[in-house]
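Peer 1: Build the full structure now, drawing on both the sequences and the hints.
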Amino acid sequence: MTTPTPGVPNVVITNPKARKIARTVLDVVTLVVAVVVSADLASDAFDALAITTPALAVLGVLRPAFGLGVDNPNTPTA
Numbered sequence: 001m002t003t004p005t006p007g008v009p010n011v012v013i014t015n016p017k018a019r020k021i022a023r024t025v026l027d028v029v030t031l032v033v034a035v036v037v038s039a040d041l042a043s044d045a046f047d048a049l050a051i052t053t054p055a056l057a058v059l060g061v062l063r064p065a066f067g068l069g070v071d072n073p074n075t076p077t078a
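Taken in order, the sequence shown gives residues 1 to 78; the numbers are from my numbering.
The hints are simulated quantities; they were obtained by calculation from the structure and are not laboratory data.
Hints are not guaranteed to be accurate.
20 Å max Cα-Cα, derived SDA-like pairs, lysine to any residue [claimed, not checked]:
id, residue 1, residue 2
1, K20, N72
2, K17, A65
3, K20, T75
4, K20, L62
5, K17, R63
6, K17, F66
7, K17, P64
8, K17, T53
9, K17, P54
10, K20, L59
11, K20, P54
12, K20, P64
13, K20, L49
14, K20, A48
15, K20, G67
16, K20, V61
17, K17, V28
18, K20, L31
These figures come from a predicted structure and were not determined experimentally.
Peer 2: As C-alpha cells, this is what we get:
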C-alpha cells in the first residue's frame, strides 16, 4: 500500500507528465482504432471487425475510467 502524497488526492498517477502520456496513448490508440473501423466499414477490401469491435469496447471503457478516476481528481478547482 502506498502512502498518499500530501495535498494530492488518493490517485494512482500523481505525476502530471505521466498522466499526460497515459492520456495521450489512450487517445491515440482510440483514434487509430476508430480510423481502422471507419475504413473497414467504408470498404469491402478487408474485414477487421473481429479485432476492432472488442478493441473499441475496451477503449470505450478505459478512456472515461481514466478521465473519471485519474484526471478529474487531479484537476485543480477554482
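Peer 1: If any of the earlier hints don't hold here, list their numbers in rising order.
Peer 2: 8, 9, 11, 13 and 14
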